[in-house]
Amino acid sequence: MRSVSIVGVGLTKFGEQWEKSFKELIAEAGVKAIQDSGLERKDVNAVYGGCMASGRFVGQEHIGALIADQLGLNPVPSTRVEAACASGGVALRMGYMAVASGIHDIVAVGGVEKMTEVSTEDAGFALGGAGDQETELFVGASFPALYALMARKHMKKFGTTEEQMASVAVKNHGNAVNNKYAQFHREITIDDVMKSGYVSSPLKLLDCSPITDGAAAVLLMPTEQAKKINDKAVEIIASTQASDTLALADRENLYETKAAKIAGKQAYEKAGIKPTDVSFAEVHDCFTIAEIMAIESLGFCPLGEGGKFTEQGNTQISGQIPINTSGGLKGKGHPVGATGVAQAIETYLQLNGEAGKRQVKDAEIGMTHNVGGSGATAVVHLYKKA
Amino acid sequence: MVQNSLPLHWRKYPERYRLEGNINEETGEAFFPARVVDPKQGRKGKLVPIEMPRIGKIVSLTEVYVGPQGFEKETPYFLALIELENKVRMLTQIVDSPKEKIKEGAKVKKVFRKISDIDEEGAIAYGYKFKVEE
Amino acid sequence: MTVGIVGYGAYVPKKRIKVEEIAKVWKKDGKKVSVGIGVIEKALGSWDEDTATISVEVARKALEVAKIEAKEIGAVYVGSESHPYAVKPTSSIVAEAINTGTELMAADLEFACKAGTAGLQLVYAEVKAGMINYGLAIGADTAQGRPGDALEFTAGSGGAGFIVGNKKEEIIAEINETISFTTDTPDFWRRQHAEFPSHAGRFTGEPAYFKHVLNAAKNIMEKTKTKPSDFKYAVFHQPNGKFPKRAAKILGFTPEQIEQGLMTPYIGNTYSGATMVGLVSVLDIAKAGDKILAVSYGSGSGSDAFILTVTENIKNKRAKIPLLKAIEDKEYVDYSEYIIHRKKIKTL
Chain Y
1 MRSVSIVGVG LTKFGEQWEK SFKELIAEAG VKAIQDSGLE RKDVNAVYGG
51 CMASGRFVGQ EHIGALIADQ LGLNPVPSTR VEAACASGGV ALRMGYMAVA
101 SGIHDIVAVG GVEKMTEVST EDAGFALGGA GDQETELFVG ASFPALYALM
151 ARKHMKKFGT TEEQMASVAV KNHGNAVNNK YAQFHREITI DDVMKSGYVS
201 SPLKLLDCSP ITDGAAAVLL MPTEQAKKIN DKAVEIIAST QASDTLALAD
251 RENLYETKAA KIAGKQAYEK AGIKPTDVSF AEVHDCFTIA EIMAIESLGF
301 CPLGEGGKFT EQGNTQISGQ IPINTSGGLK GKGHPVGATG VAQAIETYLQ
351 LNGEAGKRQV KDAEIGMTHN VGGSGATAVV HLYKKA
Chain L
387 MVQNSLPLHW RKYPERYRLE GNINEETGEA FFPARVVDPK QGRKGKLVPI
437 EMPRIGKIVS LTEVYVGPQG FEKETPYFLA LIELENKVRM LTQIVDSPKE
487 KIKEGAKVKK VFRKISDIDE EGAIAYGYKF KVEE
Chain G
521 MTVGIVGYGA YVPKKRIKVE EIAKVWKKDG KKVSVGIGVI EKALGSWDED
571 TATISVEVAR KALEVAKIEA KEIGAVYVGS ESHPYAVKPT SSIVAEAINT
621 GTELMAADLE FACKAGTAGL QLVYAEVKAG MINYGLAIGA DTAQGRPGDA
671 LEFTAGSGGA GFIVGNKKEE IIAEINETIS FTTDTPDFWR RQHAEFPSHA
721 GRFTGEPAYF KHVLNAAKNI MEKTKTKPSD FKYAVFHQPN GKFPKRAAKI
771 LGFTPEQIEQ GLMTPYIGNT YSGATMVGLV SVLDIAKAGD KILAVSYGSG
821 SGSDAFILTV TENIKNKRAK IPLLKAIEDK EYVDYSEYII HRKKIKTL
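Protein chains in written order, with the numbering used here: chain Y, 1 to 386; chain L, 387 to 520; chain G, 521 to 868.
One chain only, chain Y, in its complex shape:
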């Protein structure tokens, strides 16, 4: 198995992109990534594209073919990957496996979602497909409701407070201010979060990531060759994935994300490192409670202490383990299929010292954590400068 590295990245601005179509978003991210790498279109051997629900959002399936077509990459094999909100991360893993195994040499991995073509209600319905549609969406459980059930359990069992969850949102919005691709560039306060009105108690409007349009893409190639074409290569030192039950009702417990824990553990083992060796991580904060559970699952703090840990500032850019320096899903936006790939891009920028005001000091090892649905898929990657 060969070592694989990211050699170029590109993404569109995340936000309500009324003027850009689905195809335009893909083309923009893809072209930027190829240009950034210094490679040419003809060098790409295969494409993996993550997209959760294009059928419901834009009435379009067959995204693999669409991406290759839009970027002028025909006739290379192009495959759509779907794992709900982890579509991007899993697409990255598929691309990694293709290069690591030797089947392909240069692979383009992208992620895209255009969620504003439909009404907010229709968008909510589309997202509901990430859970067990028949027993969760059908009885009136939207996504916030599922995470709210987990949040309430976490609060009851560990004493996590709504203020502690709010501190995640405050931090991530603060980080997003310095990310020109982010959806939001406005700082918020704990008070703002507490007053933002319940969506599904205890989660309030500002505890929830937004509806976003966006696309992101990276180029992968064997590390040995990557180092020859530019000095920006970032090596993927572990790529792991785990699954859990689709429905919340079938989970072992409501306060831990087991799949993330397993994928995280396997990643540390593969890379031969411990959580304390990680310099920063982009985690899946679709809701503030999700970030708290993520840092516990990934071993950055003990189970149940994620709220306190965040409140105390340990996950700030200047803290012990910076989390979501990009602004996370909360501040940067969450175009579902693109998120996993965008997380890899932030990691690439950090390890190359190009994160500007978001830069983590002495960044050596980065981590991305991308989750699908209420935790049924979790995909984790570890990176270091090649």
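Honestly, the hints are just simulated from the structure, not real lab data.
Small disclaimer: the values here were computed from a predicted structure and weren't measured.
Each residue gets a CB set at the ideal place from its N, CA and C atoms; glycine is no exception.
Check each hint, because a few of them may be wrong.
Derived pair list, reagent style DSSO-like, types lysine-lysine, alpha-carbon separation capped at 27 Å [said to hold, decoys possible]:
{"#": "1", "chain 1": "L", "residue 1": "K495", "chain 2": "Y", "residue 2": "K157"}
{"#": "2", "chain 1": "G", "residue 1": "K538", "chain 2": "L", "residue 2": "K517"}
{"#": "3", "chain 1": "G", "residue 1": "K538", "chain 2": "G", "residue 2": "K551"}
{"#": "4", "chain 1": "G", "residue 1": "K850", "chain 2": "L", "residue 2": "K485"}
{"#": "5", "chain 1": "L", "residue 1": "K517", "chain 2": "Y", "residue 2": "K156"}
{"#": "6", "chain 1": "Y", "residue 1": "K157", "chain 2": "L", "residue 2": "K485"}
{"#": "7", "chain 1": "L", "residue 1": "K489", "chain 2": "Y", "residue 2": "K195"}
Per the computed footprint, the stretches of chain L lying under chain Y, defined by three or more beta-carbons under 8 Å from a beta-carbon of chain Y, are [to be verified]:
{"#": "8", "segment": "439-449"}
{"#": "9", "segment": "476-488"}
Given the coordinates of chain Y, assemble chains L and G onto it according to the supplied hints.
Leaving out everything else, chains L and G in the frame of chain Y:
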């Protein structure tokens, strides 16, 4: 669209009207909704249909203020993850119960209600909801 | 063969609105209206309740009392003025929900407020004829009250049902006799696409309710050579709290005889459920040997009269919670919540 699929609704009457799931005859573990494959036992042991108990207790709850499509006019409503007497867990709405009694550990009993009735000329979807039992 | 009731049940939704609250909206003297019609408050279902959901709860309760398997039921009839579908039976939804199996006769009935008792006559006849061993008859409604109309004060939601069987050791109230008095009378009606029923004002009194209830009662007593003093309880159709009292007086029944079965003052007129709900309340306390006269009335018009005799078996077969106690679990709403739940808001 799928929400209004008539074959789907009809197929699910036993599940939605009577909490019919299935049980592994050998291990006694019950599943709701019914499964084709026992995730722990694989093909060992026969899975037979059985109605779930209609009494349970609340494990976690949330009050939904912004509901998914079709539920807009019902908000706010309570959703809970409940555990039935046979340890099977399920997600359901809690109705007709005083707010202060809807909490973790509360005993709940199944009632037969409308789940969705979005289209005036379409079919009505009935199913299970639960109510706090005093 | 003895044929009679082997199980019974009633369901009244939790929400209530007071007559005074409705009167306030229309700027009427609430106390005066309430006393005038003899009704304090009426029941209404939540948006997620309808005649089908009420009927299912009734069926489950009746099965609990009867202690039989649903698969033994050979017929299900649901009578209502507010079936959820104009075409697609409520009775089959009930049958599926309680799992009667496919060997079943079923139909929905409509005869204004006597659709439920018409179903009771059908199952009685089918059991008596030996066609089925058990039959379930339900009367339930989520009655539509036209805003600003007199009937808005009384149109309520609720239902009741009976399982009829032929095993002597299971019967809690033998049905001794049943007759009907039927005419064609235009006192109260609803056209197919109309949202609310219309009625003929004072014409709904003497030529309608009283003519049919009084004649049916007299005829059944004549046929069975009984008189009012032979009965422990009498249940008359109760569109308000006044009509049944007047009917009782005219026929020679005392206020005590009709008190237990008079439910409308507390839950409103449950239309197809009304007389049956009253009968359920009586069965909650009746003792062996008690004779009961029940006379329903459905506009259009007709009255179904029944004479029942309670047996020893009722000692061991009663509802877990008596109806009068069950309706104490209630929650008041104001007019705005009432019209949202009853879907009366329309755009101009």
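A quick look at each hint next to the structure:
no. : hint              : verdict
1   : K495(L) - K157(Y) : holds, 25 Å
2   : K538(G) - K517(L) : holds, 24 Å
3   : K538(G) - K551(G) : holds, 10 Å
4   : K850(G) - K485(L) : holds, 14 Å
5   : K517(L) - K156(Y) : holds, 22 Å
6   : K157(Y) - K485(L) : holds, 21 Å
7   : K489(L) - K195(Y) : holds, 23 Å
8   : 439-449           : holds (count 5)
9   : 476-488           : holds (count 4)
Going through the hint list in order, the structure satisfies each hint without exception.
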